[in-house]
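Asker: What follows is the residue order along each chain.
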Amino acid sequence: DAKTTQPTSMDCAEGRAANLPCNHSTISGNEYVYWYRQIHSQGPQYIIHGLKNNETNEMASLIITEDRKSSTLILPHATLRDTAVYYCIVRGNTDKLIFGTGTRLQVFP
Amino acid sequence: KAGVTQTPRYLIKTRGQQVTLSCSPISGHRSVSWYQQTPGQGLQFLFEYFSETQRNKGNFPGRFSGRQFSNSRSEMNVSTLELGDSALYLCASSLIETGETQYFGPGTRLLVL
Chain A
1 DAKTTQPTSM DCAEGRAANL PCNHSTISGN EYVYWYRQIH SQGPQYIIHG LKNNETNEMA
61 SLIITEDRKS STLILPHATL RDTAVYYCIV RGNTDKLIFG TGTRLQVFP
Chain B
1001 KAGVTQTPRY LIKTRGQQVT LSCSPISGHR SVSWYQQTPG QGLQFLFEYF SETQRNKGNF
1061 PGRFSGRQFS NSRSEMNVST LELGDSALYL CASSLIETGE TQYFGPGTRL LVL
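Chain order of the listed sequences is A and B.
Going by this note's numbering, the letters in the first sequence line up with residues 1 to 109, in that order.
Going by this note's numbering, the letters in the second sequence line up with residues 1001 to 1113, in that order.
I should point out that these hints are in silico values taken from the structure, not numbers from a laboratory.
Each hint should be verified, as a subset may be incorrect.
Cross-link-like lysine-lysine pairs, in silico, DSBU-like; alpha carbons within 35 Å at most [stated by the list, open to error]:
| id | chain 1 | residue 1 | chain 2 | residue 2 |
| --- | --- | --- | --- | --- |
| 1 | A | LYS3 | A | LYS69 |
| 2 | A | LYS96 | A | LYS3 |
| 3 | B | LYS1013 | B | LYS1001 |
| 4 | B | LYS1057 | A | LYS52 |
| 5 | B | LYS1001 | A | LYS96 |
| 6 | A | LYS3 | B | LYS1001 |
| 7 | A | LYS69 | B | LYS1057 |
| 8 | A | LYS52 | B | LYS1001 |
| 9 | A | LYS69 | A | LYS96 |
| 10 | B | LYS1057 | B | LYS1013 |
| 11 | B | LYS1057 | B | LYS1001 |
| 12 | B | LYS1013 | A | LYS96 |
| 13 | B | LYS1013 | A | LYS52 |
| 14 | A | LYS69 | A | LYS52 |
| 15 | A | LYS52 | A | LYS96 |
| 16 | A | LYS3 | A | LYS52 |
| 17 | A | LYS69 | B | LYS1013 |
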């Protein structure tokens, strides 16, 4: 599976959009981009995933660049409960998720 | 629909003992994966089971083993516990096909003294 690169930490004001970048320059054509988050040592929570097109669900939006070498997770209106570690994972046809170190997002009042 | 459940949630053992952790997947899910999370190594894949067969395995010693039952529930066992086995053990389930989205349980926190 391709390796991803994420910033170690980010801050965001409550109510503002949080934009979390991820670089996956070696991604293959059949590999998906997945996002999970983990709140204070709870189990990781699935957020969203995509292959080529931008995706949106009730939690977030995922923007994937046309060359698929990077993506951005957008939390449109961050709340204090969105404070967590966010993991960007590139996944092929396997059930083995390879987690990096993720981005620690701190939402402040 | 109920999520993935793991029991027990917390466990304290001493070195040399063995431990068995249990995972019940989301109803209808047939694939179960296990992960270990430590401060030093982060989240690492242990193994994955589907239809009672181990389909994938991570880079862990043979002291770590697992199995899956016909109802898709899974257990993992760690024998001859070491201090370094202290970790959060996470279970994730997914539908039938490889590559389906995995949903995680709350984890079992194991402390080895």
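Asker: Look at each hint and say if it fits the structure.
Answerer: Now for the hints, and whether the structure bears them out:
no.: 1; hint: A:LYS3 <-> A:LYS69; in the structure: 11 Å, holds
no.: 2; hint: A:LYS96 <-> A:LYS3; in the structure: 13 Å, holds
no.: 3; hint: B:LYS1013 <-> B:LYS1001; in the structure: 33 Å, holds
no.: 4; hint: B:LYS1057 <-> A:LYS52; in the structure: 29 Å, holds
no.: 5; hint: B:LYS1001 <-> A:LYS96; in the structure: 24 Å, holds
no.: 6; hint: A:LYS3 <-> B:LYS1001; in the structure: 33 Å, holds
no.: 7; hint: A:LYS69 <-> B:LYS1057; in the structure: 28 Å, holds
no.: 8; hint: A:LYS52 <-> B:LYS1001; in the structure: 30 Å, holds
no.: 9; hint: A:LYS69 <-> A:LYS96; in the structure: 21 Å, holds
no.: 10; hint: B:LYS1057 <-> B:LYS1013; in the structure: 25 Å, holds
no.: 11; hint: B:LYS1057 <-> B:LYS1001; in the structure: 29 Å, holds
no.: 12; hint: B:LYS1013 <-> A:LYS96; in the structure: 28 Å, holds
no.: 13; hint: B:LYS1013 <-> A:LYS52; in the structure: 47 Å, violated
no.: 14; hint: A:LYS69 <-> A:LYS52; in the structure: 10 Å, holds
no.: 15; hint: A:LYS52 <-> A:LYS96; in the structure: 21 Å, holds
no.: 16; hint: A:LYS3 <-> A:LYS52; in the structure: 17 Å, holds
no.: 17; hint: A:LYS69 <-> B:LYS1013; in the structure: 45 Å, violated
In this structure, the earlier hints numbered 13, 17 are contradicted, and the remaining ones agree with it.
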